[in-house]
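K.L.:
Listed below are the residues making up each chain.
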Amino acid sequence: MSHTKWVRKSLFVAVGLALALLMPVVSAGASTSDASDARAGTAGFHRLDAAKAAGYALLTDAAGIACIDNPGVGGMGVHYANGNLVGNPSVNAATPEALVYEPQPNGRLRLVAAEYVVLQSAWEAAGNSGVPTLFGQSFELIPSPNRFGLPAFYELHAWIWKQNPRGMFDDWNPDVSCTAAQS
Amino acid sequence: MARYMVERIFPNGLAIPVTDDGAATCLGVVDRNAEVGVTWVHSYVSDDRRKTFCVYDGPDPESIRRAAERNGLPVETITRIRVLDPYFYK
Chain A
0 MSHTKWVRKS
10 LFVAVGLALA
20 LLMPVVSAGA
30 STSDASDARA
40 GTAGFHRLDA
50 AKAAGYALLT
60 DAAGIACIDN
70 PGVGGMGVHY
80 ANGNLVGNPS
90 VNAATPEALV
100 YEPQPNGRLR
110 LVAAEYVVLQ
120 SAWEAAGNSG
130 VPTLFGQSFE
140 LIPSPNRFGL
150 PAFYELHAWI
160 WKQNPRGMFD
170 DWNPDVSCTA
180 AQS
Chain B
0 MARYMVERIF
10 PNGLAIPVTD
20 DGAATCLGVV
30 DRNAEVGVTW
40 VHSYVSDDRR
50 KTFCVYDGPD
60 PESIRRAAER
70 NGLPVETITR
80 IRVLDPYFYK
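From first to last, the protein sequence lines stand for chains A and B. According to numbering that gives the first Met the number 0, the first sequence holds residues 0 to 182 in order. According to numbering that gives the first Met the number 0, the second sequence holds residues 0 to 89 in order.
Isolated chain A (complex conformation) (with noise of 0.2 Å):
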C-alpha cells in the first residue's frame, strides 16, 4: 500500500471511529427519539411497585395535591417523579423523568403517560441554547412560582399509554379523571 493510500484510509478509519463514537450522542438527543423507544422504555413500569424501585417516587404539588387535572379541560394525573433523572440535564426518550399514573376505580393506577422534565437552570448550565425537544415537539417552559414550588424548568408530556382526543403532546388529557383518587 502506498503512503497516500495509507493516509486516506486512516483518515477514512479515524473519521468512521469518530462518527460512531458520537452517534450515541446525537440518538441520545431529541430527533431520533420516538414513542416505540418511550413504551419499550416504561413498559415495565406498568407495575408500580417496579417504578419504586427504579427510584420514582410520588410526586406532590406545594398543596399536597397528587392527583392533577383541570376541570373542564382534563386530567393528568398522578406523577411519580425520579429525581436524580430531573437534575440531569439530558433528555431521552426511554427514560421519562416522570410517569403518570391514573387513578382506577379499583384503587390501582394505570400508567398512562410518560412527563420529560428538565430545569431550565440545568439545561443551560449544560451549555444548552433553545428548548429541549423530543417526537420532534418542543418543551414546554413552566415559569417560577408554580404549583409545584420547583425553580423554572422545561416539560414535555407523551400520552403513550392512552390515547388523548387533544392529541399525544398536550398536557390535559380529557379521558383522564382523579375522580377515583377522591372516592
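Everything labelled a hint here was simulated from the structure, so no lab data went into it. Note that the structure is a prediction, hence the values are computed from the model and not measured. Virtual Cβ for every residue (Gly too), placed ideally from N, Cα, C. It is possible that some hints are incorrect.
[To be verified] Beta-carbon label-pair distances, calculated as ranges:
#, chain 1, residue 1, chain 2, residue 2, range
1, B, G71, A, A93, 26 to 32 Å
2, B, G71, A, A124, 46 to 52 Å
3, B, V54, A, R107, 19 to 25 Å
4, A, P70, B, L13, 51 to 57 Å
5, B, D30, A, A179, 34 to 40 Å
6, A, G54, B, D47, 40 to 46 Å
Based on the hints, put chain B in the right spot on chain A.
P.N.:
Relative to the frame of chain A, chain B by itself:
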C-alpha cells in the same frame, strides 16, 4: 422499532379474569416480552373472545413470535403496519 398487528385465535375463547391473578397474567406478558425486546401496546378482542388483534412494537416478526412462544400465546398472522388516521393527508 417497527409496529406489528398480531392476530391470535383462541378456539375456546380468551379468558383472563378481572382479578389480581388476571392482572398478574397481563403484567407477566409485559415482562416476558421485554426479554426479547418486544413491547405490547394494546389489543382488540372480538365479541366472542375467540380472536384478538394485538398491536406490538418490536425489531422483527421473529421477535414477536419468540415472545408469543414464551407467553404460550398462539400466533395466526404477523403483519407489519403503520398508522393511518384522518389527519394523515393534512
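K.L.:
Look at each hint and say if it fits the structure.
P.N.:
Hints, one by one, checked against the model:
In this structure the supplied range 26 to 32 Å holds for G71/B paired with A93/A, their Cβ-Cβ distance being about 28 Å. Distance hint for G71/B and A124/A: a CB-CB separation of about 51 Å, consistent with the stated range 46 to 52 Å. A beta carbon spacing of about 22 Å between V54/B and R107/A agrees with the range 19 to 25 Å that was offered as a hint. Between P70/A and L13/B the beta carbons are some 38 Å apart, a value that contradicts the proposed interval 51 to 57 Å.
Roughly 26 Å separates the CB atoms of D30/B and A179/A, a value that falls outside the hinted 34 to 40 Å. Our hint of 40 to 46 Å for G54/A and D47/B holds, since their Cβ atoms are close to 44 Å apart.
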